[in-house]
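K.L.:
Residue strings, one per chain:
Protein chains: 8
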Amino acid sequence: MTLQQVLEEVQKGTISVQDAEQLLRENSYEEMGYAKLDTSRKERTGFAEVIYCSNKADEHLLKIFDRLYREDGEVLGTRASEKQYELVKASFPQVKYDPVSRILKIEAPGKERVGKIAVCTAGTADIPVAEEAAQTAEFFGTAVDRIYDVGVSGMHRLFSRLDTIQEANCVVAVAGMEGALASVLGGLVSRPVIAVPTSVGYGANFHGLSALLTMVNSCANGIAVVNIDNGYGAGYLATQINRLALGK
Amino acid sequence: MTLQQVLEEVQKGTISVQDAEQLLRENSYEEMGYAKLDTSRKERTGFAEVIYCSNKADEHLLKIFDRLYREDGEVLGTRASEKQYELVKASFPQVKYDPVSRILKIEAPGKERVGKIAVCTAGTADIPVAEEAAQTAEFFGTAVDRIYDVGVSGMHRLFSRLDTIQEANCVVAVAGMEGALASVLGGLVSRPVIAVPTSVGYGANFHGLSALLTMVNSCANGIAVVNIDNGYGAGYLATQINRLALGK
Amino acid sequence: MTLQQVLEEVQKGTISVQDAEQLLRENSYEEMGYAKLDTSRKERTGFAEVIYCSNKADEHLLKIFDRLYREDGEVLGTRASEKQYELVKASFPQVKYDPVSRILKIEAPGKERVGKIAVCTAGTADIPVAEEAAQTAEFFGTAVDRIYDVGVSGMHRLFSRLDTIQEANCVVAVAGMEGALASVLGGLVSRPVIAVPTSVGYGANFHGLSALLTMVNSCANGIAVVNIDNGYGAGYLATQINRLALGK
Amino acid sequence: MTLQQVLEEVQKGTISVQDAEQLLRENSYEEMGYAKLDTSRKERTGFAEVIYCSNKADEHLLKIFDRLYREDGEVLGTRASEKQYELVKASFPQVKYDPVSRILKIEAPGKERVGKIAVCTAGTADIPVAEEAAQTAEFFGTAVDRIYDVGVSGMHRLFSRLDTIQEANCVVAVAGMEGALASVLGGLVSRPVIAVPTSVGYGANFHGLSALLTMVNSCANGIAVVNIDNGYGAGYLATQINRLALGK
Amino acid sequence: MTLQQVLEEVQKGTISVQDAEQLLRENSYEEMGYAKLDTSRKERTGFAEVIYCSNKADEHLLKIFDRLYREDGEVLGTRASEKQYELVKASFPQVKYDPVSRILKIEAPGKERVGKIAVCTAGTADIPVAEEAAQTAEFFGTAVDRIYDVGVSGMHRLFSRLDTIQEANCVVAVAGMEGALASVLGGLVSRPVIAVPTSVGYGANFHGLSALLTMVNSCANGIAVVNIDNGYGAGYLATQINRLALGK
Amino acid sequence: MTLQQVLEEVQKGTISVQDAEQLLRENSYEEMGYAKLDTSRKERTGFAEVIYCSNKADEHLLKIFDRLYREDGEVLGTRASEKQYELVKASFPQVKYDPVSRILKIEAPGKERVGKIAVCTAGTADIPVAEEAAQTAEFFGTAVDRIYDVGVSGMHRLFSRLDTIQEANCVVAVAGMEGALASVLGGLVSRPVIAVPTSVGYGANFHGLSALLTMVNSCANGIAVVNIDNGYGAGYLATQINRLALGK
Amino acid sequence: MTLQQVLEEVQKGTISVQDAEQLLRENSYEEMGYAKLDTSRKERTGFAEVIYCSNKADEHLLKIFDRLYREDGEVLGTRASEKQYELVKASFPQVKYDPVSRILKIEAPGKERVGKIAVCTAGTADIPVAEEAAQTAEFFGTAVDRIYDVGVSGMHRLFSRLDTIQEANCVVAVAGMEGALASVLGGLVSRPVIAVPTSVGYGANFHGLSALLTMVNSCANGIAVVNIDNGYGAGYLATQINRLALGK
Amino acid sequence: MTLQQVLEEVQKGTISVQDAEQLLRENSYEEMGYAKLDTSRKERTGFAEVIYCSNKADEHLLKIFDRLYREDGEVLGTRASEKQYELVKASFPQVKYDPVSRILKIEAPGKERVGKIAVCTAGTADIPVAEEAAQTAEFFGTAVDRIYDVGVSGMHRLFSRLDTIQEANCVVAVAGMEGALASVLGGLVSRPVIAVPTSVGYGANFHGLSALLTMVNSCANGIAVVNIDNGYGAGYLATQINRLALGK
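First to last, the sequence lines map onto chains G, F, C, A, E, H, D and S. Just so you know, we're using our numbering here: the first sequence kicks off at 1 and counts up by one. Just so you know, we're using our numbering here: the second sequence kicks off at 249 and counts up by one. Just so you know, we're using our numbering here: the third sequence kicks off at 497 and counts up by one. Just so you know, we're using our numbering here: the fourth sequence kicks off at 745 and counts up by one. Just so you know, we're using our numbering here: the fifth sequence kicks off at 993 and counts up by one. Just so you know, we're using our numbering here: the sixth sequence kicks off at 1241 and counts up by one. Just so you know, we're using our numbering here: the seventh sequence kicks off at 1489 and counts up by one. Just so you know, we're using our numbering here: the eighth sequence kicks off at 1737 and counts up by one.
These aren't lab readings, by the way, just hints derived from the structure by calculation. Treat the hints with care, since some could be wrong.
[What the hints assert, rightly or not] Computed list of lysine-lysine pairs in DSBU-like fashion (alpha-carbon distance at most 30 Å, straight line):
| no. | chain 1 | residue 1 | chain 2 | residue 2 |
| --- | --- | --- | --- | --- |
| 1 | E | K1034 | H | K1323 |
| 2 | H | K1356 | E | K1240 |
| 3 | A | K992 | C | K538 |
| 4 | G | K42 | G | K111 |
| 5 | C | K579 | D | K1551 |
| 6 | F | K344 | G | K248 |
| 7 | D | K1530 | S | K1819 |
| 8 | C | K579 | D | K1571 |
| 9 | F | K359 | F | K290 |
| 10 | D | K1604 | S | K1852 |
| 11 | A | K827 | S | K1819 |
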């Protein structure tokens, strides 16, 4: 019930003041003891709740998975291990697992993917993060073009795919080491660029800090940055932008 | 001319190989000796070139201002000082200066502002950065709602304006100190949130690093971050998103 | 009006649904255009709003000062400059200014100071921060013992005042350089110690970072840390603890 | 014996100067060769000594456990491993172990828990640190309300429990990632908030540094911070504050 | 084909506009699905593509190795594990592996090594990085003098080899801990010094950051720095300089 | 005298043991009380000593200038102020000063500039550092091509000048903000690239640290980095490489 | 009176218990309101108290100066400004000021300087810190050899003075930029080396952090480090070591 | 041969110029291929070479151990593993290993330990580092008093041992967490304090950085700092100071 609806029920007398107070306070989440599932999230934000699997206890993972599956008929889990895949598969044989992106999911059949985003990587080592972004966006209904291994040390590879990139509603630039790809893309496209620094590299890259600083300081316009290795966040945000472009 | 057009002219023989080579190499910028004005930028990205005034030599500032004004009939300058305002005003009496945002501009008359973005600040000290974002977006044709001083130490102020914020195509969250506003907004809206850390604060905020890290690590979804105090970048990106939402 | 009261009025019909919605959203702050004064703060937290004067525009400072003075009959301003003192004094001749703590205030006459906190410094250079803490606490009704210049390079000075310190309900430990005073106090008293790192020092103290890390890593128990140079925050928190000890 | 008592015995001649000197120097700890047990700590601070189990040699752990058990009839150990639990259990079958908080303890029967503190977490991954805080406080006689998984990405979950939180004498806010929970709580309650940054997160959280900086820079009042993941320190400090509120 | 050649073919009509466009865009790399092999690199830069083996999937490593071997008749792989050596050896029995430098390679027979560079280390622990530099340079045809364990704590060891070092076209200085070797060499030779900080050390060396800062801040002239532990990069750059000295 | 020469004189008896000892110890520098001029440097390294003017006392600057002028008939001073220019000009009217690069010099007439290096900048704000590099190289006899304002936000500007850049013996890449220019150049040329991070930028560039990390972590080969804003060091190193290419 | 003496007086009855308690608590410092002069320091540590003049209020500086002068007949002030010199000179015409080291002092006549320490600098810009060290040591009675401008970019300058350095009881190595001098000295002498990093340099030296890390990570033995620019601390410690060597 | 001796032989004609040159260049170290043993070190510095065992290859460790044993009849190895102990023991059954300090040694029989240093730790977890310091000093002939577990959270433990500490020629202060012990000791003794930060702690101690900064910034005098966990370096330096005090 919305705030307006609750107030109307109070006015009509169908809900007591005490009940209304309770409703306005305890709205829209399900208490599971160890966690509070945010079941109103889809209504509030247009996105169902997602499971960050890393370090979840087996029992908790299963219960939350089950709960969300019953709610929506589909579930997206990120940062899942092979072992967690085996665990969930025992109860949900239809679950799919991709060891590259570490995404574990049951996807509703016949889901349409619309609009267009481009997910680019500088090197091959950035692909796991890029796939997390791409598959997250696809799960939320976005059509994705993948343009991988187009880093600045061999720029002609990027230019040969530029048409595709320029047609996207949003570009996700995934890069580690010095992270220059985001700036280069920012100078070449007219749509928003979401930069994802990765922890790929060695030496003074300090687990992605170098790429993060590069991207935050970009001299190009139309770039914003998410956390290091946060493919999920980039896929989510790209979907929001793609939906806007589709008038949704 | 596009690549295809140049090639067609070569095929037709209307352009020599040498001229084509020249064209393909020297396309679309104006050499000014000390600078290369990127005059094809508007066509390429949909945004005219903007002047970052800080530390520009007087003579250079004037020349670039003049050059861009002749090109577009309007100019946007950021980080301008009072002294630079006086300088430009002597040649362009119609120039406007806002000492809060430090924006110096001549805006084409009758420009329409369309769509809707919301620019929010945590405190009053964040307003200069917010105004840079808001006025940049307005210059590029975006309608802006300002919701200032709604930081997390008094959350009821934010909630009273939530309807307005939720209607925007894009939310710009400007905050210094601990920068928690971005996370709070990310949990409350379904549209992209562009987080702008500011250098407002003291002690361990380390000139905005604290707010930057907070925002990059946000537990909420749909948030991306621009550089510390980079109101211009946020206004630019918000405009890109707003345009997408308008089908432009 | 509390939530319960509003709901009762709706039930009675004395308030319409629209008005109730408005009330529940727009409660308890005063819109001043550039700022939203949090006038319900005293009721919510037991502390009136305080003015952080640093970098406030003259006109804004005066208006906020005036507004708070009319509300409470007293005002506390922190980080005020001499110039701001002159400005406020022109309108409020009774205003007091302390150049050491940079506190600017009008205090209600006959205010009682109760309980007891101890404010300690390691050196004389830490006194400005300590005075901000002490005078903040006094403004909020707390009795304060000052024990200054008792740093660890001459520990006998501290021991001679230990009785006084051990009687306090809360100890504020203000120290720059290596900040060891907080750990030493934590090992000697049974009451909470609020540690305030200061930016006093040179070389590798990095504007207080060294003292902050020292205090956060303290091997002693019962210590918590506020921001570098944040005397106000320490005085506020010490007052909260002192009030609890007094059953308030 | 206090200093005064020793001096009186010297005056009376019942203690020689040599013995007095010895007494004033060697007071109140037990030399165990590898460690000096601080057996006067309970008297001095109101809290018995606690064992930080991590990396303790088996033999040392057992001896110190035994020594403290004989002293007080109860023992609190933190950061204990399963293996250490097995080790201690062989000698003390009544010992209890909680694998979540990693607390290993023998608690005196019939201990009363009084007053009230609230321990809140932003997410479920913060629970181990929160339980260390809660169980430490309980061991020292404090009644604890647990409010878990109320982070800022779904604020309504927090608001539904606000009454409980506002009744506590002290609030412990446990959060990783961007750590915004502490600021939000600081704006909503009138009692001290102890902020505990956790190392939960990834990317640019740098093992808790991000949350630590967020909390130290909080724009809300009445907040102080302990070390990253330091649940024990927060539980200890909350107990000190709770005791003050109870007039103890 | 160069740009000029393509344009001439267009003019002659032997290549259609569409084909020319395609050629100008898709020049010179081989799409392998997961990677884009930069097969034009040798022509562009004078160096064949090299495989960074670390974390490459077995299948990808083998395919790329095979591809490059067919292209050039030799392959250089860096940061290879023993396990990767076994893998590649099964298909390419002639492959060589050096466990110190972790270089895996097939080298064309009868390759001449010309010119002269000197690779120096401060200690024995820096040798793995130095060998990566030396063997990279040798693979690219450079003659290398190795001068190891000549750090500043026993400077006479360095002086006894100074003649050799001064004769080199380029000096590679490999050092961890405080990295002073680069500055000392910079003051003694007239040729470029490439400084390679290593992660060798403990405590406050922070995985090579200390040596990196030392080398970047060197008071000596003619020094430039590559990434921490980046022996490959130093060997590559030294080869470029050596080739210049040989008029290549 | 070389070591060999001194020893021969001793053998011949023309120099006593004591004098030889003195000579071998006190060789080749001139004691000026406050400084030891390294007058053998030119012989040892091929470069005369240069004056770092910043913060030099007037009297010292003049004396060192005079001493070096008498030695070589020319002097190069870096980081000189306008005031220092006036000072030196009073004694040496022929001195030249460039306020952009802050270089103060007397250059021997008729000096030839040979070979070729390219000095590139990302933006116009990087020009002062680039000019320090270019003019240093020119002073040491190197011919320089300047290619300014070719940063990655408008890459076509760079491509139009690529031929010139690819012909240089060494490329100096000067860039602030995110410093991506160095990586882009590294992927396009076959000669060494010396990367100079500049402190140009704002927010999270942290006075050049961002660009430094970007450049050190470059994914392209053949790049080495000098200190932030160290144009002099880059010009010096480029000259060393240029000389090698000329067989000097 | 020592502890033993006080106790004996109590036993004899010549001091009451109350007085003894007072004595044991309030020993040996003089309360000045804003500061507690540590007048027992000379007895406790062998060094009189010294004034850190930086930022001292005029009135406080004068009073402390006067107080210490009356106590010892001589005073040492560090980090004094010209203005503070003028202030003190008005009352103490015999005061001496050195603008290089910024030391302000009255030294007792006929003081003997004994033993031997060597104070070395890498460059001329490090001399102010070196002079603070040297003059501090001299004030405390140590004979000092100054060996300046012997940094590693021209090592022969250092070797020519090595005999002098090797004869010292303690060597103070003062260096900014990359701070390699300390390591070089550590490898050449058998006596303790006190390393003083200075903030001299630019770019990535980060106000002395680079030199500090270099020195802390030194591969040579017998080196310990004081704070950045802390010449006073080095002179003090060198004096302690020199005294030990003299059997004092 | 000293420089003077070589020159005299040249004068006499007993050594040719070529041989003298060779001697002056190749003096005093033994080339082992992978390492250059610094066999003149004992003569130069008064300390034999020591083996840093960590990560040494088995074969190298054994050869160096053997070489040093033949030279001196005793060997000191630091940071040795249990496995390395087993390895060395097979060849040298008389070798001793201490698993706490990880020191592996053969000590010459009947070595006298003279003078006095005090090694103090803040907690029991700092003992491994302290033992490395103490046993290093003992190996080099220094008598050591160990005073462990006297950190600032229970200061009375320290005071009861103060007499012993004050009698030492040098105090080594070993502390992790916040490292305040060094400052406290610096204020209580008149002899040099060598501070050793340890990596003991958790959260924001950042592997010892917190303790390092604390110690470097100490407000007490007579303190210098070695690297994090560098017990060996502290024991070495303390021995140098102790020898000076004994007139050696």
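K.L.:
Please work out if D/K1604 and S/K1852 have their alpha carbons no farther apart than 30 Å.
P.N.:
holds (23 Å)
K.L.:
When you check the alpha-carbon spacing of F/K344 and G/K248, does it fall within 30 Å?
P.N.:
It is violated: about 38 Å lies between the C-alpha atoms, which goes past 30 Å.
K.L.:
Decide if the proposed pair is consistent with the structure: C/K579 and D/K1571, CA atoms, cutoff 30 Å inclusive.
P.N.:
holds (24 Å)
K.L.:
Taken at face value, is the distance from the CA of C/K538 to the CA of A/K992 at most 30 Å?
P.N.:
This hinted pair holds, its Cα atoms lying about 27 Å apart.
K.L.:
With a cut-off of 30 Å on the C-alpha distance, tell me whether C/K579 and D/K1551 pass.
P.N.:
Status holds; Cα separation ~29 Å.
K.L.:
Against the 30 Å threshold, does the CA-CA distance of E/K1034 and H/K1323 hold or violate the hint?
P.N.:
violated (52 Å)
K.L.:
Given the hinted pair A/K827 and S/K1819, is their Cα-Cα distance within 30 Å?
P.N.:
holds (24 Å)
K.L.:
Just to be careful, I want the Cα atoms of D/K1530 and S/K1819 compared with a cutoff of 30 Å; is the pair within it?
P.N.:
violated (52 Å)
K.L.:
Between H/K1356 and E/K1240, is the straight-line Cα distance small enough, at 30 Å or below?
P.N.:
holds (15 Å)
K.L.:
Below or equal to 30 Å on CA atoms is what counts here, so check F/K359 against F/K290.
P.N.:
Roughly 17 Å between the alpha carbons, so the hint for F/K359 and F/K290 holds.
K.L.:
Please work out if G/K42 and G/K111 have their alpha carbons no farther apart than 30 Å.
P.N.:
holds (17 Å)
Against the hints set out earlier in the document, violations occur for numbers 1, 6, 7.
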